[in-house]
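Engineer: Residue-level listing of the chains:
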Amino acid sequence: MIRQENCKIVSNRPIADNIFELVLEGELSAEMAQSGQFVHVKVADGFDPLLRRPISIASINDGSFTIIYRRQGKGTSLLADKSIGISVDVLGPLGNGFPADEAKPGQTAVLVGGGVGVPPMYELAKQLARKGVNVISIIGFQSSNAVFYEKELAEFGEVYVATVDGSYGRKGFVTDILDGLEGQADIVFACGPTPMLRAIENGAYAPKTYLSLEERMGCGIGACFACVCHTKDDPQGFSYKKVCSDGPVFQAGEVVI
Amino acid sequence: MIRQENCKIVSNRPIADNIFELVLEGELSAEMAQSGQFVHVKVADGFDPLLRRPISIASINDGSFTIIYRRQGKGTSLLADKSIGISVDVLGPLGNGFPADEAKPGQTAVLVGGGVGVPPMYELAKQLARKGVNVISIIGFQSSNAVFYEKELAEFGEVYVATVDGSYGRKGFVTDILDGLEGQADIVFACGPTPMLRAIENGAYAPKTYLSLEERMGCGIGACFACVCHTKDDPQGFSYKKVCSDGPVFQAGEVVI
Amino acid sequence: MSSLSIQLPGLNLKNPVMPASGCFGFGREFSQLYDLSGLGAIMIKATTPEPRFGNPTPRVAETPGGMLNAIGLQNPGLEKVFNEELPWLEQFDVPIMANIAGSTEDDYVKVAEQLSKAPNVHALELNISCPNVKTGGIAFGTDPEMAKALTRKVKEVSEVPVYVKLSPNVSDIVKIARAVEEGGADGLTMINTLLGMRIDLMTGQPILANKTGGLSGPSVKPVAIRMIYEVSQRVSIPIIGMGGIQSAEDVIEFFLAGASAAAVGTQNFVDPFICPKIIEELPEMLAKMGADHISELTGRSWKKNERLAYYRP
Amino acid sequence: MSSLSIQLPGLNLKNPVMPASGCFGFGREFSQLYDLSGLGAIMIKATTPEPRFGNPTPRVAETPGGMLNAIGLQNPGLEKVFNEELPWLEQFDVPIMANIAGSTEDDYVKVAEQLSKAPNVHALELNISCPNVKTGGIAFGTDPEMAKALTRKVKEVSEVPVYVKLSPNVSDIVKIARAVEEGGADGLTMINTLLGMRIDLMTGQPILANKTGGLSGPSVKPVAIRMIYEVSQRVSIPIIGMGGIQSAEDVIEFFLAGASAAAVGTQNFVDPFICPKIIEELPEMLAKMGADHISELTGRSWKKNERLAYYRP
Ligand SMILES: Cc1cc2nc3c(=O)[nH]c(=O)nc-3n(C[C@H](O)[C@H](O)[C@H](O)COP(=O)(O)OP(=O)(O)OC[C@H]3O[C@@H](n4cnc5c(N)ncnc54)[C@H](O)[C@@H]3O)c2cc1C
Ligand SMILES: Cc1cc2nc3c(=O)[nH]c(=O)nc-3n(C[C@H](O)[C@H](O)[C@H](O)COP(=O)(O)OP(=O)(O)OC[C@H]3O[C@@H](n4cnc5c(N)ncnc54)[C@H](O)[C@@H]3O)c2cc1C
Ligand SMILES: Cc1cc2nc3c(=O)[nH]c(=O)nc-3n(C[C@H](O)[C@H](O)[C@H](O)COP(=O)(O)O)c2cc1C
Ligand SMILES: Cc1cc2nc3c(=O)[nH]c(=O)nc-3n(C[C@H](O)[C@H](O)[C@H](O)COP(=O)(O)O)c2cc1C
Ligand code: FES
Ligand code: FES
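Those protein sequence lines, which keep their order, are chains A, B, C and D. Under full-length UniProt numbering, the first residue of the first sequence is numbered 1, with each subsequent residue one higher. Under full-length UniProt numbering, the first residue of the second sequence is numbered 1, with each subsequent residue one higher. Under full-length UniProt numbering, the first residue of the third sequence is numbered 1, with each subsequent residue one higher. Under full-length UniProt numbering, the first residue of the fourth sequence is numbered 1, with each subsequent residue one higher.
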């Protein structure tokens, strides 16, 4: 069930260049089931800024949850300034996340995260590993100073890192690493910038692929039609999916990205 | 000289019902000369709220200054929520305050403050007492729980308190007390709600009377023409005074109030 | 009698607070959050004769104190709204105001005729003010003669009262309001969004794929208040006010300006519980203002010499 | 050559940033805060033939992300502006754009004729968009024919280029813009304020004594951007953009929309040092955007297929 709650900040710390990890205490953590679901965060009282900010759930804990965000515009900058003990207005959990059940024990799941698409992979890796799925994580960043959660993901399986400028891990894109794992993946889960998702969809690296999309949102709950995309079977027609409430995770081939 | 400075909060505490005393550290305190001058305070970054708030200077100290404000709308509520150590964007000192020099040593000055018109009387009383002027303060409030600065003003002379509901001091208005002091005042200084100022002007309680006016402001420095009033000698004409830069203190009879 | 109940043409409202069209879909999502029967009414998303996908994304952009949208009237079309959405809404004890849109007069007439037959549709809201479609929409809303003619046509076929939703993107709002009143409108709803744009510094291009979009949210409130103040003095049909409402205080401000009910749009995205919250807060605010019934406040700002009881928030 | 210098009709600007009319008086107050010679230009307060006191107070009210003003064109009158204010401003190395207003065509002509003779007045700004006066002002700005005729009359007498300041309170801003271009305008300045109102819950009455006022500040920025985007594609005279500018980023957004220079109004009240701050920040922002000169950015949002260098604030 979707709840609105003032969640207390347990910790809010930089973990890479302009990347922050925020732990929030709240009963709505009990409603959270899947990685890839997101919360809609009101970063300030009043109307500056006005709209909530969608941020993926990175980790579901007992009575708390973690989100990881990049300090980018006004909203995330205000969030980064908040200190422990302060309350933040959170609406969530929203949307449908990654279907961990699609990966069977013993199978190999490849988790691909690009930039701030990495966070949901942490909860997913945790859930998959717990079930006995073999987890391989591939995470990509611009540069060495942007890298985060390599160690955390390593708890659950192999981790490969790519950086665009080659300053850490392998130089290039996550797809370069995916290319090298040919045939190993029974299922791919991915979250990151749209061009990355497209490349993964086109690469068809596994029988099943799930992708988490991003879109500018109004309501976050399916009421405003801000975040729709066409379905692949009817790319010019009237059929649509809402990223916020039908997604943000879709199976590859389901919607036009 | 007018300066803009981020002033650090030294203390910010309630001193009566919804009345707060805020001490700010800043080099602009060195520019402050007169009580009745004011500062223009930006209570929040961003545009919520957008405009600065005018607040009178209550006390000028060495390297710091005090203002006293009523928590009323959005701006003063946000101010009341700020804690020690935080910086506040202050523009000031602005305007022309009470001309303490108009009271000569040995003369009797009657200082009249109504509600949040009381604060400037504190600095004025201090300056007058220092020069050897005999100070009588009359302060008026709605009710006993709104009363503040009685003790502080008592350092510099006699203090009379009036409350509208009679729950403290004398029941009634400051003018009721003024009426009783007939002939004692060589000069009257007053700050408070407009009806009070009008009554004091009409009462002509002393050869010289100075009144501090309030008006909604835009710039606070004389550039926007938001705060003008007619002059008494030309009440329908083109001549005017700006409350922010010509005032806020005017001699009784100078402008139409 | 409750201090909040309001009678308007076709609408018997428990209270004067309703979600604005396009900000509440057809109620399904919000029904998971609270009981829709507590609302005064529901203004459902604009319906066109055929299904519409709307504009490409991005469709929304934030602005200082507001947001732009260019949804482009996405909706499942008349048949589906009539056969699925409206029947689904019948489970709630709440009157529906059906927002109707189109590219031609015939479109409006067709949708009006059918939707006005739905048992829970108690009024129509003629959307002649959508800034985000290429044909129809706002064109009707900026030309008094077209607006009047369209209103008349729709009135002829509608089985329920017709409210016309006015666009603020006009030189003279009173002229349009009077034209649609002459055309037979039973009420007005105002305002729709102001046409705006935001450009992304990272790309140098407008953020919205549609380039321009409709501005809503707190930033437009003073424009809405001004227009309602002007129009309410010059027409004799009631106004449902909207544009930037965030709180019970804002609702009161709209009443003082001249509104007889109020709709909440954008704030539903910011605080999905805002409508029930406002409905809960209103009675206490009325008490503070010394008003027995909220309808006493309609137009108080221009009914001279009647100052309100002193009120401090 | 500086990356910020701009040539516009009559105006040789060191940089494209200037205070907007009515938000800077005649410069005296701000001259105590910084050297006015650093500004691109100064748009002085509207001048009418005779002195005006303006409207009763309160004249300003805050709104969400903006403010309303109803100053009512208070000014010392043509003679005093010509004989005292303008000569005083000559001590600064900065071109003056004189904002002129009136109730009749003759008023405008009279003020234009004389002020255009002042040595430091390099351009006139025809204010046909003041919403706060009973006669003239906005009436000229909402009727294309009147606007065109007035522009023509003023052009006949002016010794310097004439810019026309457009009102956003119109159904079709392009129509007015093209009309004044046909009337001979050398440039446009836009936008003036949107008509708005706020009602005080404590009294039940409008806060402004004038009841309605002009809305300015960040909340109107998307409307300004949209109008400049539309107009700049349809006229061939330059636009000085304004409406909600708070930062160097906002100035860039106005250029991308189609402006050739930018004016800052309300923000001067919020941060009196805003103009010099923006002027200082602009060169670095241009560098980040890969632009050698700010004029390259004018209209980039509608000059297709030219995406900007990737820019992250
Ligand atoms: C389902 C979903 C999950 C996300 N998860 C994460 C995450 O885990 N970590 C993270 O750092 N970021 C995530 N994002 C992106 C994040 O929402 C934006 O970075 C953030 O909204 C930017 O806000 P701002 O105020 O800093 O930027 P501004 O540019 O000031 O924002 C202005 C407006 O644009 C919207 N906006 C800007 N960028 C984006 C974007 N990329 N996607 C959607 N809306 C945007 C904002 O929400 C706001 O309404 C996610 C986005 C979506 C849709
Ligand atoms: C020269 C001067 C000195 C003042 N000194 C003091 C003081 O020492 N202590 C104190 O408590 N108050 C003082 N005031 C009043 C104070 O400025 C207002 O109470 C304050 O601005 C209210 O802001 P708000 O955001 O809480 O209220 P809101 O009602 O939210 O304010 C909305 C807008 O209205 C303006 N406004 C509201 N009330 C007033 C008012 N009474 N006068 C002027 N503008 C107003 C605000 O500045 C703001 O722009 C003074 C006013 C002036 C003009
Ligand atoms: C996302 C969105 C979609 C909208 N869709 C419609 C619509 O379909 N029909 C309509 O008449 N108005 C529509 N509107 C306008 C609102 O109903 C309302 O008039 C406007 O947003 C002003 O109110 P607000 O400031 O409270 O949002 C829409 C507004 C938004 C923000
Ligand atoms: C207090 C005030 C007074 C103004 N006076 C004038 C004026 O005399 N002439 C004029 O053309 N515009 C006047 N304007 C409009 C501004 O010049 C500007 O067009 C408008 O405020 C939008 O810009 P902003 O949002 O940066 O303030 C005034 C604006 C304000 C806020
Ligand atoms: S964000 Fe409103 S429908 Fe998805
Ligand atoms: S507040 Fe601007 S002139 Fe006084």
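I should point out that these hints are in silico values taken from the structure, not numbers from a laboratory. Glycine is no exception: its CB is placed at the ideal position from the N, C-alpha and C atoms. Incorrect hints may have been included.
Said to hold, decoys possible - Some chain C residues judged to face chain D by a derived CB distance under 7 Å, without partners named:
no., residue
1, N83
2, T142
3, P144
4, E145
5, M146
6, V223
To be verified - Cut-off 30 Å, straight-line C-alpha distance, at most; resulting in silico cross-link-like pairs (DSSO-like, lysine-lysine):
no., chain 1, residue 1, chain 2, residue 2
7, B, K241, D, K110
8, D, K277, B, K82
9, B, K8, A, K82
Engineer: None of the hints should be skipped; say for each whether it holds.
Structural biologist: We went through each hint and held it up to the structure:
no.: 1; hint: N83; in the structure: 38 Å, violated
no.: 2; hint: T142; in the structure: 4 Å, holds
no.: 3; hint: P144; in the structure: 10 Å, violated
no.: 4; hint: E145; in the structure: 13 Å, violated
no.: 5; hint: M146; in the structure: 12 Å, violated
no.: 6; hint: V223; in the structure: 5 Å, holds
no.: 7; hint: B:K241 to D:K110; in the structure: 27 Å, holds
no.: 8; hint: D:K277 to B:K82; in the structure: 27 Å, holds
no.: 9; hint: B:K8 to A:K82; in the structure: 19 Å, holds
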